[in-house]
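Student: Sequence:
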Amino acid sequence: MAKIGVLQLDFVNVLLPAHFLMIWSRLGAYDRQRFERFLYSSGEYTEQWAHEASVVPVSDWPLLAHRREAFRQWKGSPLLKMKNRKSYLEGILERVTNEGAVTANDLPAVAGPKRKPGDWHRSIPRSALEYHFGNGQLAVERRLRNFQRVYDLPERLIPDEHRQLGVSKDAAQRALIGNAMRCLGIASCNDLADYYRMSTRDAAPRILELIEEGAIQEVSVEGWESAAYLDASACCPRSLSVASLLSPFDPVVWFRPRAARLFGFEYRIEIYVPAAKRRWGYYVLPFLEDDRITARVDLKADRKAGVLNVQQAHLEKGANNGRTSKALARELSSLASWLGLDAVVVKKASAFEKTLAGRLAAGAPL
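For the sequence shown, the working numbering gives the first residue as 308, with consecutive numbering after it.
These are computed hints drawn from the structure, not numbers from a lab. We put the beta carbon where it would ideally sit given N, CA and C, even for glycine. Each hint should be verified, as a subset may be incorrect.
[Claimed, not checked] Listed next, with one range per pair, are the computed distances between beta-carbon atoms:
no., residue 1, residue 2, range
1, ILE518, PRO415, 51 to 61 Å
2, PRO466, ARG575, 37 to 47 Å
3, SER366, ASP509, 12 to 22 Å
4, GLY571, GLY398, 51 to 61 Å
[Unchecked claim] In silico DMTMM-like links for lysine to aspartate or glutamate, alpha-carbon gap of 25 Å or less:
no., residue 1, residue 2
5, LYS633, ASP609
6, LYS476, ASP538
7, LYS661, ASP649
8, LYS661, GLU623
9, LYS388, GLU376
10, LYS655, ASP609
11, LYS310, GLU520
12, LYS584, GLU573
13, LYS310, ASP477
14, LYS655, GLU623
15, LYS607, GLU577
Produce the complete structure using the sequences and hints provided.
Tutor: As structure tokens, then:
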């Protein structure tokens, strides 16, 4: 966690929730339940709006205070149409104060506005809890098995040393840019701003301050049109030996312009693209091999059948079919084993997919 700073949460479960895959990409097989207990029971981490909905170190609580203060209800919130909104919201806080942590299902149902086709629906109780979470009056104690948040008062979850620490907006943004710089190593202003969803207008002066402090160096990178910045403590390895499937929300690729700049990799999530218009597939993972992205695979875990389905697999331009299929087959086998699935099934269509299927059938030898 210290290496990435921000663990973006996403609960699309066609394969497994993306944040669990992000950890697997770095560590390999790990005890997921133990990891969840650590996140929510160690007292070292908390959920916040950071990149998006994320888990961050609890020490970042004061750095995000200005975000909580600026938080507003989303335009489609059913709360906006409630006549007794203020008393309803106050009543929820009173209940949590007096009775303890709650989920949205613990609160009485409240009739909301009629849904229109295509509306993203949140119940009024859920919207109210998320509003209190966004402005910092509630924090997340844990997640249930169905991924529901359990909300409680921050004073019961966030140590006083962090909760009561006052940090100015400029100082907080400077610290967040510094965090992003350490996690990225080398980056443009846009890369750094995106890490914590900051505007470049806010990020640029903070970068200059960090340069003056000696924490960041301005450098030039061949092929980059924009200025580049290097973390003062960054070191360049002599060589890389990496083979890993990446979550769509992994910091390595979550800012698509950076992925294109570093790897020549054009990446788009096609979950919301109509099936007939998808180019790569529904839930596509990039495959990082050493310092290149050499393939992408559309994966689906069929838990009932006990198989990991490779719906599509694409070899990137310039990658070696034999080398990449061998490394990817090994990673797919490892992922299936970790997920408790018995086999990997590849749809045989392209030459790459046929080679990949053959590697898996042969046991994906090293």
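Student: Are the hints correct? Go through all of them and say.
Tutor: Hints versus structure:
1. Take ILE518 and PRO415: their Cβ atoms lie about 54 Å apart, and the range 51 to 61 Å holds.
2. For PRO466 and ARG575, the Cβ-Cβ distance of about 41 Å falls inside the hinted range of 37 to 47 Å, so the restraint holds.
3. The supplied range of 12 to 22 Å is met by SER366 and ASP509, whose beta-carbon atoms lie about 21 Å from each other.
4. Restraint check, GLY571 to GLY398: a C-beta distance of roughly 54 Å satisfies the suggested window 51 to 61 Å.
5. About 23 Å separates the Cα atoms of LYS633 and ASP609, which keeps this hinted pair within 25 Å; it holds.
6. Proposed proximity of LYS476 and ASP538 is supported: the alpha carbons are some 22 Å apart, at most 25 Å.
7. For the hint linking LYS661 to ASP649, the alpha-carbon distance of about 20 Å falls within 25 Å, and the restraint holds.
8. At most 25 Å may separate the alpha-carbon atoms for a hinted pair to count; LYS661 and GLU623 meet this at roughly 15 Å.
9. For the suggested pair LYS388 and GLU376, the alpha carbons sit about 22 Å apart, so the restraint of at most 25 Å is met.
10. Taken as a hint, the LYS655 and ASP609 pair is honoured in the structure, with Cα atoms around 18 Å apart against an allowance of 25 Å.
11. Using a Cα cut-off of 25 Å, the hinted pair LYS310 and GLU520 holds, with the two alpha carbons roughly 22 Å apart.
12. With a C-alpha separation of about 16 Å, the suggested pairing of LYS584 with GLU573 holds against the 25 Å cut-off.
13. Annotation: proposed proximity of LYS310 to ASP477 holds, straight-line Cα distance about 24 Å (limit 25 Å).
14. Restraint check for LYS655 and GLU623: satisfied, since their Cα atoms lie roughly 17 Å apart, inside the 25 Å limit.
15. For the suggested pair LYS607 and GLU577, the alpha carbons sit about 14 Å apart, so the restraint of at most 25 Å is met.
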